[in-house]
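Just so you know, the protein sequences line up as chains A and B, in that order.
The number in the working numbering is simply the position in the first sequence, starting from 1, with 1 added.
The number in the working numbering is simply the position in the second sequence, starting from 1, with 580 added.
In case anyone wonders, no lab produced these hints; they're calculated from the structure.
All values reported here derive from a predicted model rather than from experimental measurement.
Misleading hints may appear alongside valid ones.
[Stated by the list, open to error] Listed below are several chain A residues computed to face chain B (Cβ distance under 10 Å; list not exhaustive):
no. : residue
1   : R3
2   : E6
3   : S14
4   : P327
5   : V331
6   : T337
7   : R411
[Said to hold, decoys possible] Quick list of the computed label-pair ranges, beta carbon to beta carbon:
no. : chain 1 : residue 1 : chain 2 : residue 2 : range
8   : B       : C590      : A       : K323      : 32 to 40 Å
9   : B       : Y718      : A       : K339      : 27 to 35 Å
10  : A       : I308      : B       : E761      : 52 to 60 Å
Heads up, the beta-carbon is just placed ideally off N, CA and C, and yes, glycines get one too.
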Amino acid sequence: MRITEIIYLVMVSIMQNKFKVLLTSLGIIVGAMTIVMVIAIGVGGQMDVADQFKNLNAGTIEIESISATSATVDMRQMMQMMQMRSSASTSSSNSNIATLTVSDTEEMVLFINGIKDISLVASSSQSVYGGDLDETTTYTIVGASEEYQTITNLSMYMGEFITSEMEETEARSVILGYDVATEIFTYPMLAYESEIAIDDRTYTVAGVLNKTSNILNGNTVDSCIYMPYSTAEKNIFDTDIKPQMVVLAEDVDQVATIIAKASVLLKEIHPQGEFTISDAGAEMEAALSSANTLSMLLLAVATIVFIVGGIGIMNVLFVSVKERTPEIGVLKALGTSKLDILLQFLIEANLISVIGGIIGVGLSYVIMPLMQDVIRMEPTTEAGIMALVFAIVTGTVFGFYPAYQASQLRPIEALNAK
Amino acid sequence: MNVIEMNNICKSYQMGAEKLQVLKDVCITIEQGEFVAILGPSGSGKSTLMNIIGCMDISDSGEYTLSGIPVHKSRESKLGKIRNEQIGFIFQKYQLINKYNVLQNVILPLLARGQSRRQAKHVGIEKIRSVGLSDRIYHKPSELSGGQQQRVAIARAIAGNPSILLADEPTGALDTNTGKEVMEIFKKLHQEGNTIVMITHDVGIAENAERIIRIVDGCVA
Numbered sequence: 002m003r004i005t006e007i008i009y010l011v012m013v014s015i016m017q018n019k020f021k022v023l024l025t026s027l028g029i030i031v032g033a034m035t036i037v038m039v040i041a042i043g044v045g046g047q048m049d050v051a052d053q054f055k056n057l058n059a060g061t062i063e064i065e066s067i068s069a070t071s072a073t074v075d076m077r078q079m080m081q082m083m084q085m086r087s088s089a090s091t092s093s094s095n096s097n098i099a100t101l102t103v104s105d106t107e108e109m110v111l112f113i114n115g116i117k118d119i120s121l122v123a124s125s126s127q128s129v130y131g132g133d134l135d136e137t138t139t140y141t142i143v144g145a146s147e148e149y150q151t152i153t154n155l156s157m158y159m160g161e162f163i164t165s166e167m168e169e170t171e172a173r174s175v176i177l178g179y180d181v182a183t184e185i186f187t188y189p190m191l192a193y194e195s196e197i198a199i200d201d202r203t204y205t206v207a208g209v210l211n212k213t214s215n216i217l218n219g220n221t222v223d224s225c226i227y228m229p230y231s232t233a234e235k236n237i238f239d240t241d242i243k244p245q246m247v248v249l250a251e252d253v254d255q256v257a258t259i260i261a262k263a264s265v266l267l268k269e270i271h272p273q274g275e276f277t278i279s280d281a282g283a284e285m286e287a288a289l290s291s292a293n294t295l296s297m298l299l300l301a302v303a304t305i306v307f308i309v310g311g312i313g314i315m316n317v318l319f320v321s322v323k324e325r326t327p328e329i330g331v332l333k334a335l336g337t338s339k340l341d342i343l344l345q346f347l348i349e350a351n352l353i354s355v356i357g358g359i360i361g362v363g364l365s366y367v368i369m370p371l372m373q374d375v376i377r378m379e380p381t382t383e384a385g386i387m388a389l390v391f392a393i394v395t396g397t398v399f400g401f402y403p404a405y406q407a408s409q410l411r412p413i414e415a416l417n418a419k
Numbered sequence: 581m582n583v584i585e586m587n588n589i590c591k592s593y594q595m596g597a598e599k600l601q602v603l604k605d606v607c608i609t610i611e612q613g614e615f616v617a618i619l620g621p622s623g624s625g626k627s628t629l630m631n632i633i634g635c636m637d638i639s640d641s642g643e644y645t646l647s648g649i650p651v652h653k654s655r656e657s658k659l660g661k662i663r664n665e666q667i668g669f670i671f672q673k674y675q676l677i678n679k680y681n682v683l684q685n686v687i688l689p690l691l692a693r694g695q696s697r698r699q700a701k702h703v704g705i706e707k708i709r710s711v712g713l714s715d716r717i718y719h720k721p722s723e724l725s726g727g728q729q730q731r732v733a734i735a736r737a738i739a740g741n742p743s744i745l746l747a748d749e750p751t752g753a754l755d756t757n758t759g760k761e762v763m764e765i766f767k768k769l770h771q772e773g774n775t776i777v778m779i780t781h782d783v784g785i786a787e788n789a790e791r792i793i794r795i796v797d798g799c800v801a
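So here's chain A without its partners, still in its complex pose (with noise of 0.2 Å):
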């Protein structure tokens, strides 16, 4: 029989059990919409580790003391953690827990060459009032250092970021980040030279950033307030606090000498104490590592979801073939080959899966959009089609078993059969 001829007739029968097609194809629908979302899911979390990296400059290396009592554990830290085994670090006894300090970024930037920026960062939470805020309301206090700005790339949406000036004078100054300024003032321009109350100390507004989605040293820049290291240092942190130092190289290649030397520098320093240094390339590579298993094994679910979906036409074909024995006999009488038999049913399922797979590839266009204040989807038209060669794919592995007994029935047996 012609292969149109086939397709012809396999349509006719299709089209007479719409109803029936689309139930045998649900799990071919829920299979292909599991991939293109998940696919989804996964270049949305590369992206967003792009987005969280977006600023950071390659060169840029972070050194964090080592805290048995660290209060929150994200993926960041547990990121550097890992990295930690890997990359230099110094280790010690747990017992006394070091902290970085000004004079340590003085002593890098004399001992070492090629570092480009330096600054001491630290951040603590603290209550604010002021502006059209009808309560306290707590916010994440940043202190860092005028360098801190170049190190990453933070753009000011007006007025200016710390200067070396506040530092000095442990000015009470500080700058708001976008969406802290549109909270406490509704307009981010009316923030600029007010005053805002810190812990029951007045602040004057030297500037404002611009929004990005950012997330630096484990903060939301946008939801941060900056003021210069000294100034916190003096009214705002507790002695516990466990500040990071955040070096600039001048070139990325210089990166693993400058991490080798501090090593050794802060070993010295503090011979007790026990830190992670990691560079912005090794942070992004290892969260997109971490990015990548997550979407695998998603991928591992959608394609379990494919072998039950497959599964599920294997049975349906197999009561079809039952169901359809006479049928088969009369084809066999009139003299159809074994081989456009068997054609018939592997078509039949294909098409049972291809419109599955077209349907569910549709259904997941109209859901991702209703999901994306849930977890950040990114479709991409390579999932549309991996999802229909996976389709594709499970109908003809499970379609091709029903297809083969149909067109070994004899025609005799297959005739009488009721």
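Let chain A serve as the given structure and place chain B on it in line with the hints.
For chain B alone, coordinates are given in the frame of chain A:
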């Protein structure tokens, strides 16, 4: 010229421990253009004989030549081709495929032969007209009466221009009047030169044929 030549055809089935000899040395010769009835009570082996004539089963021994083709030497894959080209089946229960319309059913043997729908359509429509169902071409078999369905089956049987029409109790599922109508079509087809082999247990129906071959206990009587 002989369309069917059967010599010493034997067929047996294994029924549990016993071997059941269904056909014993059957010899039949049917000439081109004959209308033959094979008459026998149930259990006489006439169904087995029909399966062998229809190339759906092969004999244990003996020779069967259909239009010069030595069927007894053919394998299943070859038998399908022989069925398609040489035999037009008409079954007791019509055996139409319900999801296909009348035309699609009728052209199935032509499609199986590798023709395109376009090529087969003309022949199909002409054959449907010849059985008087021109106004039912796009109907489903389930929308037709038993007699009409059997006429569709006849149209399907003649669509492929086979050397014999093989009818198995063609009126068995029909009432007397409709049965008569179907017999009239058979007679007309016979007059047009078709070779018809009809298997039946009904003497009244068998009498429509030119010649009656009686089969009793697996032997030609």
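Right, here's what the structure says about each hint:
Because the beta carbon of R3(A) sits about 6 Å from the nearest beta carbon in chain B, less than 10 Å, this interface hint is met. Hint status for E6(A): holds, given a least beta-carbon distance of 5 Å to chain B, under 10 Å. Given hint, S14(A) at the interface with chain B, holds; its Cβ is 6 Å from that chain's nearest Cβ, closer than 10 Å. For the restraint placing P327(A) at the interface with chain B, the shortest Cβ-Cβ distance is roughly 7 Å, inside the 10 Å limit, so the hint holds.
Among the interface hints, the one on V331(A) holds; its C-beta lies about 5 Å from the nearest C-beta in chain B, closer than the 10 Å criterion. Here the hint on T337(A) is kept, as its CB sits about 4 Å from the closest CB of chain B, short of 10 Å. Look at R411(A): its Cβ gets to within about 8 Å of chain B, closer than 10 Å, so that hint holds up. A beta carbon spacing of about 34 Å between C590(B) and K323(A) agrees with the range 32 to 40 Å that was offered as a hint.
In this structure the supplied range 27 to 35 Å holds for Y718(B) paired with K339(A), their Cβ-Cβ distance being about 30 Å. Taking the beta carbon of each, I308(A) and E761(B) are about 56 Å apart, inside 52 to 60 Å as hinted.
Hint check: no violations occur; every hint is consistent with the structure.
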